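Asker: Listed below, chain by chain, are the residues.
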Amino acid sequence: MILDMAWRNVWRNRRRTILSIIVIAFSTAALLLFMAIINGFHEQIIESSVNTFNGYIQINREGFFGNETIDGYIENHDLITQELESIEGVKAYTTRVVCGGLVSYRDLSFGAVLVGIDPQNEPQVTVFHRGISRGRGRFLLPEDSNKSAGRLLKMDHFKERKSFIKKVQEEVGNPIVASLRKSFSPSLLKRIDSFDEFIPMDSDLPSVLVKEMNSVLDKESLLTTAQLAKMQINSKFIVQDINNKNFLRANRELLEEVYPEHFIKIYPIIIGSKMALRLNADIDTELTIVLQGLSGSMEAAIFKVVGIFDVGNPEFNGGMVVVPEKVVAELVGYGQNKTSQIIVRLDYSYDVDEVVRKIKDKLQPYKTFYQRSQDTTFAVTQDSFLDIASFVYKLKFTMDTASVHIAKFLSAETLKMLDEYDEIDMPSPQLKESLIKDINVLLGKESFFDDKVFSHVRKPDFSKKSGLRKFNYELLAFSYNEIDSLESDFVVDEQFRDEFVESKEGIETQENFEVLAWKDMLIGVIQFIKIENIIIETFLSAIFLAVFIIIFNVMTMSVMERKKEFGVMKAIGVTSKRITYMILLESFFLTGVALIVGCIVGLAACSYLYFSPIFIESFVDVFRQGMLKPSIIAIVNADVLMQPISLVIFTALVAPLYPIWKISRMAPVDAIHNP
Amino acid sequence: MSSVVKAEKITKTYTGKGIPVTAVNEFSLEVQEGDFIAIAGPSGSGKTTILNMIGTLDNPSSGKVFIGNEDASTLPQKKLAELRLQNIGFIFQSYNLIPVLTCQENTEFVLLLQGVPAAERQKRVNEILEIVGLGGMNNRFPRELSGGQQQRVAVARAIVSKPKLVLADEPTANLDSKTGQALIDLMLQLNKEHNVTFLFSTHDSMVMDAAKKLIRLKDGEIEKIEEH
Ligand SMILES: Nc1ncnc2c1ncn2[C@@H]1O[C@H](COP(=O)(O)OP(=O)(O)OP(=O)(O)O)[C@@H](O)[C@H]1O
Ligand SMILES: [Mg+2]
Chain A
77 MILDMAWRNV WRNRRRTILS IIVIAFSTAA LLLFMAIING FHEQIIESSV NTFNGYIQIN
137 REGFFGNETI DGYIENHDLI TQELESIEGV KAYTTRVVCG GLVSYRDLSF GAVLVGIDPQ
197 NEPQVTVFHR GISRGRGRFL LPEDSNKSAG RLLKMDHFKE RKSFIKKVQE EVGNPIVASL
257 RKSFSPSLLK RIDSFDEFIP MDSDLPSVLV KEMNSVLDKE SLLTTAQLAK MQINSKFIVQ
317 DINNKNFLRA NRELLEEVYP EHFIKIYPII IGSKMALRLN ADIDTELTIV LQGLSGSMEA
377 AIFKVVGIFD VGNPEFNGGM VVVPEKVVAE LVGYGQNKTS QIIVRLDYSY DVDEVVRKIK
437 DKLQPYKTFY QRSQDTTFAV TQDSFLDIAS FVYKLKFTMD TASVHIAKFL SAETLKMLDE
497 YDEIDMPSPQ LKESLIKDIN VLLGKESFFD DKVFSHVRKP DFSKKSGLRK FNYELLAFSY
557 NEIDSLESDF VVDEQFRDEF VESKEGIETQ ENFEVLAWKD MLIGVIQFIK IENIIIETFL
617 SAIFLAVFII IFNVMTMSVM ERKKEFGVMK AIGVTSKRIT YMILLESFFL TGVALIVGCI
677 VGLAACSYLY FSPIFIESFV DVFRQGMLKP SIIAIVNADV LMQPISLVIF TALVAPLYPI
737 WKISRMAPVD AIHNP
Chain B
29 MSSVVKAEKI TKTYTGKGIP VTAVNEFSLE VQEGDFIAIA GPSGSGKTTI LNMIGTLDNP
89 SSGKVFIGNE DASTLPQKKL AELRLQNIGF IFQSYNLIPV LTCQENTEFV LLLQGVPAAE
149 RQKRVNEILE IVGLGGMNNR FPRELSGGQQ QRVAVARAIV SKPKLVLADE PTANLDSKTG
209 QALIDLMLQL NKEHNVTFLF STHDSMVMDA AKKLIRLKDG EIEKIEEH
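If you read the sequences in order, they're chains A and B. Our numbering puts the first residue of the first sequence at 77, with every later residue one more than the last. Our numbering puts the first residue of the second sequence at 29, with every later residue one more than the last.
Rather than coming from a laboratory, the hints here were simulated on the basis of the structure. Take the hints with a grain of salt, since some may be wrong.
What the hints assert, rightly or not - Sample of chain B residues at the chain A side, in silico, Cβ under 8 angstroms:
1. 42
2. 86
3. 89
4. 101
5. 103
6. 105
7. 106
8. 112
9. 118
10. 120
11. 126
12. 138
13. 140
14. 144
15. 250
Computed from a predicted model, the values in this text were never measured in an experiment. By construction, the Cβ of each residue, glycine as well, lies at the ideal position given by its N, Cα and C atoms.
Generate the whole structure from the sequences, applying the supplied hints.
Answerer: As structure tokens, then:
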């Protein structure tokens, strides 16, 4: 009944109630729209930069961000990604190789950032692939990493035509060659078979061969379907549904397998719409990219455009080309175990900074240099040295840290013998013996690296003697890989071994990583957001004040004019608590109705601005930097909805406190008697 | 016969801006179950003040009010509210119904606060409204009723929970003499048939005559007590 009463009370003064509902609803709607527009900005920033390409978190080698050179690689990134698996909040990750290159087509060349992506993982982490839908063609596919895009043979493709002809001549046993030969014209076959290596190369034999091969590939096929199925040379060539095109490709690939030297690899590439425009390139255009490898060599490769993307960011559209990671990694000489960066995607519910901190914690103690043996024992015997002479030799001459440290601890006797060692003979048995004795003493007791040297090393517990010893042993093994992981007379118990394995992982890396949250990457935008936050807060407090004043007034008026009624209720036996509850309910009903109306109006306005955003001139820097499309668009999400709603509800709770306090303090008589 | 409420030398002194006014001076009264007592006196003689103190709506400046055996002055507001809810029904001079509630709901309200189950509430409300002659008007709002009808709803509200005591402050003051007489008849009937205890104030001689016991007040003091 209290609920009923409250609802009826709200509508006692209809005009006043409706008027205040209109004002509160209007404020709510305005607030909602405002928040949605602000959110629209954020979404655009995130969409056009974070989601599209930069990712929420980047892991790079320190200093890589802003200076993306091929020297800034991460080694053994598998270890890092393994660690990522165990971090809460990491939803997906991918690796990328980034390098600069010169993209040319015909007589036009432009510098570009060449980004090697993992076609499988990239779409899990960014929405870059969506850029294709606004462009043309297709995105990179997982198989693009392994295969070169097909094309017919050209004369130029044969670097060494002579040997090719010879192969066709000699490898008749090869089923592919046999099939190929079957399709050749008799005259060509005759010429091939009579090829004697003395025929001058300017004869037209190679070109006839190429021509016939192409016609085979183009029309009739080198191998028949039945033959293909029977051969099973390579599972990837078993084409389930062999239509003409696939069949042709299968044949071409077969051919390529047998004569790889005669095929130039052509890799698939996707380029930005602006770049395509500048180069005058389109789908299927073949581009040449020249870049510098890790060793300083110049590398060139041909790429065939399979897709053109438009991600709405002029910087990306105009200056970036995207290829399979494996291809760039090979070109720059990264191979399998180096990459430029790791991009991490978060679960939305997790805080970026929190996850960044967790990743940093995990990565700090990494040292790539300890990837060696898993099981090593600790005492060194003579047998541990496959070649003790080279060990002695190294010890004598290497200036590396390990040697310098070991030398410091060797006994005078050993040192003397080391100095006397002539590098020609095998070291004397005495030298060997005393050297190994010294080293074992070091490993067992004092250790050649002490705790202080490792003050920067985090994980192994150097307070335990064994931790340090194990570490020293490992270091020794690393510096002198002649020390093999042979069995020794030293018995290792399980627990010891576990500790050891742990200590190996716990050594600081030579690489320092930078773990960047998306905010760190969008420095320009952050200032913008800061200003924006001030505006939001001002606006929020203004709305709060307005709504507060309205509810305060309405509630105070309506309660005070009902003083007598409350007096009667009190006289009858209604407790102050119940009265408080009723007044609060009235306030909530009033604001509730206003909220509903406000949300409907606000959402309507938002949806209008969502479906037809207003485009504005790019007068703000962030727009010019290409981080934002210059448009006002309203995007509603849970946050945007909750802010105004919770604010108004909070106000509804706070504003009637004054009349409540007044009423509950009043004695029933006073309430009844005061007019 | 047991004592329903007892006032022991209650005094009320108002200390406003000017000189203190003693509205009630050492008033004592014991109300027994089944009593039908009227307090009469000219305007300003302290009738309302006495009823308010006895009804625990107001604190006496000195003296004590006992509801049953409980000393009201020692109880906190929350307890007093509970005490009133369970023991006292009020009829005010100007009806004072809750305007947003219907006849039915106004009457039912007290039962609801007492936690009486819905079926029982419905039954008692219908019964009472029948008794006060408002049968069938359950769903009318107070603004749709005449003054007399409203006052009868107030009576219904005051007696529906079968309180030990009904306090009525000039229940007939705003009614014409005929309606007033009808109300007094109703109160008498309730007193006789349902043994409801009434303590009411009036300055209407017709009402005074109806009382079994009449306390005449003058300047806050008992002038004379008449038994009929
Ligand atoms: N809140 C107050 N402050 C000061 N004096 C008061 C207050 N309430 C009542 N009085 C005074 O106390 C005296 C008794 O008042 P009370 O209302 O009890 O009289 P009453 O007999 O009910 O009169 P009426 O027949 O007019 O209702 C009066 O003199 C009145 O002026
Ligand atoms: Mg009075």
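Asker: Under the constraints set out in the numbered hints, which ones does this structure not fulfil?
Answerer: Numbers 1, 3, 4, 5, 14, 15 - these are the hints that the structure violates, sorted from lowest upward.
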